[in-house]
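Please build the complete structure, drawing on both the sequences and the hints.
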Amino acid sequence: MNKDEYKKLVKKHEPQENKLNNAIIAFLVGGTVGFIVEGIIVILMNVLNLTRIDATVWTSLIVIFTASLFTALGFFDNWMSKAKAGLLLPTTGFAHSVSSSALDYKKEGLIMGLGSNFFKLAGSVILYGILASFILVIVKVIISG
Amino acid sequence: MTFIWAFLIAGSFCLIGELILDNTKLTPGHITSLFTVIGCILAFFGLYDKLIDLAGGGASTIISNFGYLLYTGAYEGYLANGILGIFTGMLTKGGAAIVGSIVFAAILTLFFNPKD
Numbered sequence: 001m002n003k004d005e006y007k008k009l010v011k012k013h014e015p016q017e018n019k020l021n022n023a024i025i026a027f028l029v030g031g032t033v034g035f036i037v038e039g040i041i042v043i044l045m046n047v048l049n050l051t052r053i054d055a056t057v058w059t060s061l062i063v064i065f066t067a068s069l070f071t072a073l074g075f076f077d078n079w080m081s082k083a084k085a086g087l088l089l090p091t092t093g094f095a096h097s098v099s100s101s102a103l104d105y106k107k108e109g110l111i112m113g114l115g116s117n118f119f120k121l122a123g124s125v126i127l128y129g130i131l132a133s134f135i136l137v138i139v140k141v142i143i144s145g
Numbered sequence: 001m002t003f004i005w006a007f008l009i010a011g012s013f014c015l016i017g018e019l020i021l022d023n024t025k026l027t028p029g030h031i032t033s034l035f036t037v038i039g040c041i042l043a044f045f046g047l048y049d050k051l052i053d054l055a056g057g058g059a060s061t062i063i064s065n066f067g068y069l070l071y072t073g074a075y076e077g078y079l080a081n082g083i084l085g086i087f088t089g090m091l092t093k094g095g096a097a098i099v100g101s102i103v104f105a106a107i108l109t110l111f112f113n114p115k116d
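In order, the protein sequences belong to chains H and G. Counting in the numbering used here, the first sequence runs from 1 upward without gaps. Counting in the numbering used here, the second sequence runs from 1 upward without gaps.
These are calculated hints, taken from the structure and not from any lab test. One thing to keep in mind: the hints can contain errors.
[Unchecked claim] Cβ pair distances, simulated, as ranges:
| id | chain 1 | residue 1 | chain 2 | residue 2 | range |
| --- | --- | --- | --- | --- | --- |
| 1 | H | ASN18 | G | HIS30 | 19 to 25 Å |
| 2 | G | VAL103 | H | VAL47 | 22 to 28 Å |
| 3 | H | LYS11 | G | VAL103 | 44 to 50 Å |
| 4 | G | PHE111 | H | ILE62 | 14 to 20 Å |
| 5 | H | LEU110 | G | GLY95 | 19 to 25 Å |
| 6 | H | LYS12 | G | LEU47 | 42 to 48 Å |
| 7 | H | TRP79 | G | ASP22 | 17 to 23 Å |
| 8 | H | MET112 | G | LEU79 | 38 to 44 Å |
| 9 | H | VAL47 | G | ASP49 | 23 to 29 Å |
| 10 | G | ALA80 | H | LEU48 | 26 to 32 Å |
Cβ atoms here follow ideal geometry from the backbone N, Cα and C, with glycine treated the same way.
Put into structure tokens, the structure is as follows:
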């Protein structure tokens with residue numbers, strides 16, 4: 001059997017992921033997260049008399065705490081893989097990546113394990129976010145004079 | 001009305017992310033970084049403000065909001081303090097998410113162990 005035939009055989013037998021299904025799940029889960037977050041913001045604004053900006057920051061902290069707690073309790077990994085991008089793109093994905101790498105590397109020591117790997121996955125978000133913002137602010141400054 | 005937009009906007013971001021994930025070789029790490037940079041670019045054109053006015057929590061929960069906060073913090077820093085302000089202002093708004101995830105993850109790691 002040559003390489004091409006083998007590849008065809010592998011392709012035939014590997015499980016077919018239903019892309020339409022994935023897309024619908026991601027849309028519904030992501031939408032639900034957005035809906036719940038908006039709900040928490042409105043509740044905080046009305047109950048604690050916060051401004052919308054403060055309520056938004058509190059809400060994102062609540063979401064980060066919840067996602068970190070669920071990751072530590074062990075069932076969030078499963079949710080992440082079931083919900084596809086629906087939990088990856090909200091703040092939950094960022095919190096999950098930090099807390100899961102913290103848990104996984106804890107046994108390798110406080111410095112070389114936990115410390116060095118803390119931002120293993122979330123580090124690229126911070127790096128490219130800051131870099132892009134820096135460049136864009138410089139461009140904005142040059143344009144607006 | 002904000003609730004409906006929150007659902008639609010957050011859902012659409014996730015839908016686009018899932019389509020990229022399924023149809024290209026990019027990993028979840030690529031997707032989150034990409035969406036953060038997209039957030040910075042939307043903030044640059046003044047579009048992310050409008051998205052937040054429209055969808056509230058639906059726009060502020062997406063990772064692109066982090067890029068928006070970095071850009072806005074840096075630009076407002078520039079307006080207040082000049083070039084130095086870009087450096088000092090960058091994390092004033094986006095810092096909450098970084099500090100929050102560090103503190104919560106570190107505390108929880110003390111009490112929990114990985115399951116498998």
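Outcome of the hint check:
1. Taking 19 to 25 Å as the suggested C-beta distance range, the pair ASN18/H and HIS30/G conforms, at roughly 22 Å.
2. Between VAL103/G and VAL47/H the C-beta distance comes to about 24 Å, which sits within the given range of 22 to 28 Å.
3. Distance hint check for LYS11/H and VAL103/G: the Cβ-Cβ separation is about 47 Å, which falls inside the suggested range of 44 to 50 Å.
4. At about 19 Å, the CB distance of PHE111/G to ILE62/H agrees with the hint of 14 to 20 Å.
5. The beta-carbon spacing between LEU110/H and GLY95/G, approximately 24 Å, falls within the hinted interval of 19 to 25 Å.
6. Restraint check, LYS12/H to LEU47/G: a C-beta distance of roughly 45 Å satisfies the suggested window 42 to 48 Å.
7. The given range of 17 to 23 Å is respected by TRP79/H and ASP22/G, whose C-beta atoms sit roughly 19 Å from each other.
8. For MET112/H and LEU79/G, the Cβ-Cβ distance of about 42 Å falls inside the hinted range of 38 to 44 Å, so the restraint holds.
9. In this structure the hint that VAL47/H and ASP49/G lie 23 to 29 Å apart at CB holds, the actual value being about 26 Å.
10. The hinted range of 26 to 32 Å is satisfied by ALA80/G and LEU48/H, whose Cβ atoms lie roughly 29 Å apart.
In this structure, none of the earlier numbered hints is contradicted; all agree with it.
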